[in-house]
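Colleague: Chains R and Y are the protein sequences, given in the same order.
Using my numbering, count along the first sequence one by one with no gaps and you end on 213.
Using my numbering, count along the second sequence one by one with no gaps and you end on 1397.
Please keep in mind that the hints were generated in silico from the structure rather than gathered at the bench.
Wrong hints could be hidden among the right ones.
Stated by the list, open to error - Straight-line Cα separation of at most 30 angstroms, DSBU-like style, residue types lysine-lysine; simulated pairs: (1) R/K68 / Y/K1318; (2) Y/K1387 / R/K47; (3) R/K68 / Y/K1387; (4) Y/K1318 / R/K47; (5) Y/K1215 / Y/K1227; (6) Y/K1093 / Y/K1249; (7) R/K47 / R/K174; (8) Y/K1249 / Y/K1215; (9) Y/K1387 / Y/K1318; (10) R/K68 / Y/K1093; (11) Y/K1081 / Y/K1249; (12) R/K68 / R/K47.
Just so we're clear, the structure is a prediction, and the values are computed from it rather than from any experiment.
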Amino acid sequence: MTLIPTQDDHFNARVDLHHLAAMVAEGSRVLDVGCGDGTLLRLLAEKRDADARGIELSQSGVNECVAKGLSVIQGDADSDLVFYPDQSFDYVILSQTLQAMNRPRDVVEHMLRIGRYAIVSFPNFGHWRIRLQLLFSGRMPVTKNLSYSWYETPNIHFCTIDDFTSLCKEIDAKIEHAVALDRFGIPVRTDLPRSLWNFFGEQAVYVLSRERR
Amino acid sequence: MTHPAVPDTGQRNEATHPSSAVVHFGAETPLHLEGGGQLAPWSIAYQTYGQLNAERSNAILICHALTGDQHVANVNPVTGKSGWWDTMVGPGKPFDTNRFFVICSNVLGSCLGTTGPASFNPATQRPYALDFPVVTIRDMVNAQARLMDHLGIETIFCVAGGSMGGMQVLEWAASYPQRVFAAMPIATSAKHSAQNIAFHEVGRQAVMADPEWRKGRYLDEGTRPEKGLAVARMAAHITYLSEQALHRKFGRNFQDRMAPTFSFDADFEVESYLRYQGRSFVERFDANSYLFLTRAMDYFDLAKDHGGSLARAFSGSKTRFCVMSFTSDWLFPTRDSRAIVHALNAAGASVSFVEIETDKGHDAFLLELPDLFNTTRGFIDSAARAKGLTISGVRTS
Chain R
1 MTLIPTQDDH FNARVDLHHL AAMVAEGSRV LDVGCGDGTL LRLLAEKRDA DARGIELSQS
61 GVNECVAKGL SVIQGDADSD LVFYPDQSFD YVILSQTLQA MNRPRDVVEH MLRIGRYAIV
121 SFPNFGHWRI RLQLLFSGRM PVTKNLSYSW YETPNIHFCT IDDFTSLCKE IDAKIEHAVA
181 LDRFGIPVRT DLPRSLWNFF GEQAVYVLSR ERR
Chain Y
1001 MTHPAVPDTG QRNEATHPSS AVVHFGAETP LHLEGGGQLA PWSIAYQTYG QLNAERSNAI
1061 LICHALTGDQ HVANVNPVTG KSGWWDTMVG PGKPFDTNRF FVICSNVLGS CLGTTGPASF
1121 NPATQRPYAL DFPVVTIRDM VNAQARLMDH LGIETIFCVA GGSMGGMQVL EWAASYPQRV
1181 FAAMPIATSA KHSAQNIAFH EVGRQAVMAD PEWRKGRYLD EGTRPEKGLA VARMAAHITY
1241 LSEQALHRKF GRNFQDRMAP TFSFDADFEV ESYLRYQGRS FVERFDANSY LFLTRAMDYF
1301 DLAKDHGGSL ARAFSGSKTR FCVMSFTSDW LFPTRDSRAI VHALNAAGAS VSFVEIETDK
1361 GHDAFLLELP DLFNTTRGFI DSAARAKGLT ISGVRTS
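Isolated chain R, as found in the complex (with noise of 0.2 angstroms):
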């Protein structure tokens, strides 16, 4: 993967995690769920200087990351979220893992009753790219990133940034702060409609809250 070279970027981290750690505000208190490696663990406590935790599916990430130093626990997010309390962390991260979830509008739920924002990242199944392979191969796309085949992929909710928009609508989310980024993990341009994000955006940021009465 083309990784546009940032400035600071000694961690070699995905130019995404990069744009999720910018949306951080210093010395808060993070959940990453499904940390994997935990290199946005590790820049979100370096950055950042918060107090970030992670949760990890597989055991062999999670024993990285511990070995690492990082506070991580082995788990699944589609069943272990309902053990932390309610609003316990500033943020609750799920990056690129929101596909992958057995019910993700449970996980989006609970990450908003953890956290006081959930920030959402996840490939864009809108892109022109995937749509071209679809409409011209008649086969499910496989591509640079979401490389798998239909039959043994992990990922089994695709959604689009306008479904994912709508879902937003649909659980009384409030978004406030959104991007789509390029395959370069340039950010389209925030002045363009929705629907061209939808169109060029490769993943897509979502931060969201909860309007609390």
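With chain R fixed as given, assemble chain Y onto it according to the hints.
Modeller: Just chain Y, lined up with the frame of chain R:
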């Protein structure tokens, strides 16, 4: 302190005259017990490794398991074998004695120098035996806290231990949250399960069924309930392993023979192995201590002590936790660790949780497993960074 003549067995000597450092608490400083009543005078035997720094902030307390002892990383005076966790504790090891001051004390009720049923009862002028009060995990921890006071250690950098040691870790974190910076409960549970109580009861009944037990008075009468204690150990030892490990190690192999003898000799390797485990255990452990310590584990139920909510036991805790379990441990299965983790999550505590893949069963925590070492190292190092622990005055490796 002098005692009346007692049968000269190795364990008896270590019980009354341990080769460890000992702190004696007199009649004016009794230990108040959870079951009511108090113990006085009482003693606690312990070993230390490494140096306490000037700030007294680099102490690691290791809590030993049921039949463990304070000899973590030195040659055991009873068995002559190396310390039970010398793979984990030592210079450059995960609990690095070049950086940390490591303490391990013999638990209350045991038989290696801390007051227990084999100790001399000043009230009766003979060993306590069953006159010893039934002590709990919390009593053990309170005794350790008194030792920490004596050593001038207010905050312990990390309390770590497996199995019954892990129960003590959890009790430490719940009872003395301010004094525990980091905690590593390994292969343990916040409550002893019905199945585990059942196994313990089998062991105790085996001891008490041995005519040499003499209603607990074997030390006075110069006998030893070796057969009963050996059977207890054999049964317990099975629970420390796993079906896969037993199969891999022994299968149905015969011991020194090609065919069954059609007798009740130890035909199978696994039988011979268990008999050896039983025999070697009775040489180092006091039968009454075994009764008391298994009882302490049975009574452990941390949630019950906090209004039925495990999360409440840890509410407001600033301690950093690292919970570990092993896939093939059926005595303290992963779900028990997960219950601890969920409670810590609910309490908003900082927790890491690693389940380690192994077929070695419960005893895996005593073995050389790379995941166990790497996890411990990573957790300890990051906790040390968070505490701002410098290595001043202490040689680094």
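Colleague: Hint by hint, say whether it matches the structure.
Modeller: Here is what the structure says about each hint:
Only pairs whose Cα atoms come within 30 angstroms are accepted, and R/K68 paired with Y/K1318 is accepted, the gap being roughly 21 angstroms. Straight-line distance between C-alpha atoms of Y/K1387 and R/K47 comes to about 19 angstroms, which keeps the hinted pair within the 30 angstroms bound. With a C-alpha separation of about 16 angstroms, the suggested pairing of R/K68 with Y/K1387 holds against the 30 angstroms cut-off. With a C-alpha separation of about 23 angstroms, the suggested pair Y/K1318 and R/K47 falls inside the 30 angstroms cut-off, and the hint holds.
A C-alpha spacing of about 15 angstroms is found between Y/K1215 and Y/K1227, which places the hinted pair at or below 30 angstroms, so the restraint holds. The suggested pairing of Y/K1093 with Y/K1249 holds, with an alpha-carbon distance near 28 angstroms, which does not exceed 30 angstroms. Only pairs whose Cα atoms come within 30 angstroms are accepted, and R/K47 paired with R/K174 is accepted, the gap being roughly 27 angstroms. Between Y/K1249 and Y/K1215, the direct Cα distance comes to roughly 38 angstroms. Violation of the 30 angstroms bound is thereby established for this hinted pair.
Using a Cα cut-off of 30 angstroms, the hinted pair Y/K1387 and Y/K1318 holds, with the two alpha carbons roughly 12 angstroms apart. Annotation: proposed proximity of R/K68 to Y/K1093 holds, straight-line Cα distance about 16 angstroms (limit 30 angstroms). Of the pairs offered as hints, the one joining Y/K1081 and Y/K1249 holds, with about 22 angstroms between alpha carbons and a cut-off of 30 angstroms not exceeded. Among the hinted pairs, R/K68 with R/K47 is consistent with the structure: their alpha-carbon atoms are about 16 angstroms apart, no more than 30 angstroms.
Figure legend: structure checked against the earlier numbered hints; the only hint not met is number 8.
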